[in-house]
Amino acid sequence: MAPDPQPAAGGNAPVAELKDVQRVYRMGNNEVRALDGVSVAFGAGEFWSIMGTSGSGKSTLLNILGCIDRPTGGSYHVDGTNVNELDDDGLSELRGTRIGFVFQSFNLIPQLNVLENILVPVFYRDEQPAHAEDRARMIAERVGLGGRFDHRPTELSGGQQQRVAIARALINDPPIVLADEATGNLDSTTAQEILELFDELHAEGKTILLVTHEAIIARRAQLMLRLKDGRVEKIEAGDKSR
Amino acid sequence: MKMGALTRTVRLGFKSLMLHKLRSLLTTLGVLFGVSSVIAMLAIGEGASEEAQEQIRELGSQNVILRSVKPPDELASNQTSRVLSYGLTQADLRRAESSYPWVTRAIPVRQLQQEVRLGERALNPRVLATVPEWIDVTGRMISEGRFLSAHDEENVNNVVVLGYEVSRWLSPFDNPIGTEVKIGADYFIVIGVLLPRMRLDSDAAAPGSEVTGEVFVPLSTGTRWFGDMQVKIRSGSREMEQVELHEIVLEVETPEGVPLTAGAAREMLARNHNQRDWEVVVPLELLAKAEETKRIFNIVLGSIAGISLLVGGIGIMNVMLATVTERTREIGIRRALGAKKRHIMLQFLVECVVLAVGGGLAGIALGLGIPFLVERYADMRTIVRPDGPILAFGISVGIGLLFGLYPAWRAANLDPVEALRHE
Ligand SMILES: Nc1ncnc2c1ncn2[C@@H]1O[C@H](COP(=O)(O)OP(=O)(O)OP(=O)(O)O)[C@@H](O)[C@H]1O
Ligand SMILES: [Mg+2]
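Line by line, the protein sequences give chains E and B. Using this note's numbering, read the first sequence as starting at 229 and increasing by one per residue. Using this note's numbering, read the second sequence as starting at 7 and increasing by one per residue.
Looking at chain E on its own, in the form it has when it is part of the complex (with noise of 0.2 angstroms):
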């Protein structure tokens, strides 16, 4: 049995929202339930962490959201479209516009530099925005970057590759991020520079879903929704709502 959806947890109109997602991988005869039943509806503007023990399916609900991956079961609306709707070309229009990545890997393209990283985005854009280089310059300026437009990736510490790939999730100007363990791989001081950024982020209006291992860094969110063997275990307010 599913758990009912929980209208609006924060009160705001919602910019995704799930109903009764399934994600089941097939393996032979088995089949793995990573999401089991997942309902939940993030109000715009709201910042989320997602909690869970490994394999969860914390992985997996982001990927959703980010619509990178589809459910197998239920619905998934971003911004009023129903996922299942869309083609192929759809969902990707979908997530260059849409929706920002942050990994905790940085995946940023290890040929080009970091201007050029910054950019990516608005390449695959339909319509090429005018003055998007000046555009990615600010960008890297209000993520302090400073001025290492033409320096490589490796030539960069994690956490300046991290600030890097902020950059790029912010753009094409996306309403949702979406951060998988962003700062898994940075040391704490850094960690909690790249979370004052999403706090920014988040005071500036967007919407910020932050997968995460630690309660601390958890409990800095308005809202914290805890998953167990693919399913909602609870919804708590997190520090920022009081």
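These are computed hints drawn from the structure, not numbers from a lab. Predicted, not measured: the structure shown is a model, and the values here were computed from it. A couple of the hints might just be wrong.
[As the list claims (entries may be wrong)] One-sided excerpt, in silico: chain E residues whose CB lies under 8 angstroms from chain B:
#1 Tyr253
#2 Asp297
#3 Gln332
#4 Tyr352
Even for Gly, the Cβ is constructed at its ideal location relative to N, Cα and C.
With chain E fixed as given, assemble chain B with the ligands onto it according to the hints.
Okay, now just chain B with the ligands, sitting in the frame of chain E:
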């Protein structure tokens, strides 16, 4: 997709290929050799047919030429003096003229061994004694003055028409018309100059170097002054040759009559000559021979080109498949950041095309070098037309697209989640 996006994709392709310079370089070799073979093939084939066509223009496509050839010297060489009599005769001329209905004219030509001199300048061109119709049958053109006339022939006039090269050599600055040149022991008035035969670059070769031009005198005059006998002094022995006619040019009414005429002429000569002192030259047959040469070159170089291009294409495909595997994660990242399948497809296709075109351009450079070497060392004419390199360029783009299609398709259809997880 807009132009800017394409240039950016091409630049990106370059960047990725430059990460593995040696690998990229080796990958292009197949296309390189394939493309250069294509260019060499076209240039050699073009040269061969051009050469044949030039010969035909020179000899007349509707002509059949009978020539005297010296029969092989059999055991007569210890004689100190003798008269060697061979070749075409007046009787052959009459027979040729009268016996085939499709022969419109038969032109006799005698070749004399005489020095031609104007003041201090002298040379040994071919002195040809012939009839006025020669110029019509061979299609040559007068540049100044006139050619021999029936009147000259009847009156046995001492007049001469100079070939272009001879005129340039004897009288480089003045118009030679009206001057007297000495041929053998007699003086002849210059009445005309012919246009050069074909290539104007003989212009440059004239002064100093040995001029192999021609001059023309009336047949009657030639026979009157120089007779049938030619004396050659050769390493101490005097050798006399008696040749009535050196050449008979048969003009045939239609091109279809050419092979018939040639066959009939061969038969007639074989019947009437007891030695092999003649040959029949058919310009149209030269063309067929040239076509044959061209065909053989096309087969050989075409096979080399085909195999190289195939191997080159497979090489590109192989390397690109490896690249796609290596860059699976990059593909995943790009997909997560909004790249559609066609963006990924285009990116890898462009890389293949850049590889193939790189090989193609180097191949064009090499391919332009090969005809140059062939011309130099194999003594064959080659002609590089602009459509050769253009075709070669097109082929390399095509190879890149064709063999890039599968790797690019593979890249585009990777599952984004799987690709992102790839190490
Ligand atoms: N491609 C796949 N094929 C089969 N099973 C999969 C696949 N991807 C994930 N799973 C399974 O789905 C479940 C959830 O995996 P997921 O990666 O979402 O966990 P997670 O919560 O992110 O764990 P972690 O904290 O270790 O990153 C796991 O049991 C995993 O084995
Ligand atoms: Mg995970």
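Quick rundown of the hints versus the structure:
The beta carbon of tyrosine 253/E is not positioned within 8 angstroms of any beta carbon in chain B (closest approach about 11 angstroms), and the interface hint is therefore violated. The interface hint given for aspartate 297/E is met, as the beta carbon of that residue sits about 5 angstroms from the closest beta carbon of chain B, less than 8 angstroms. Hint on glutamine 332/E is violated. Least Cβ distance to chain B is approximately 11 angstroms, over the 8 angstroms limit. The beta carbon of tyrosine 352/E is positioned within 8 angstroms of a beta carbon in chain B (closest approach about 4 angstroms), and the interface hint is therefore held.
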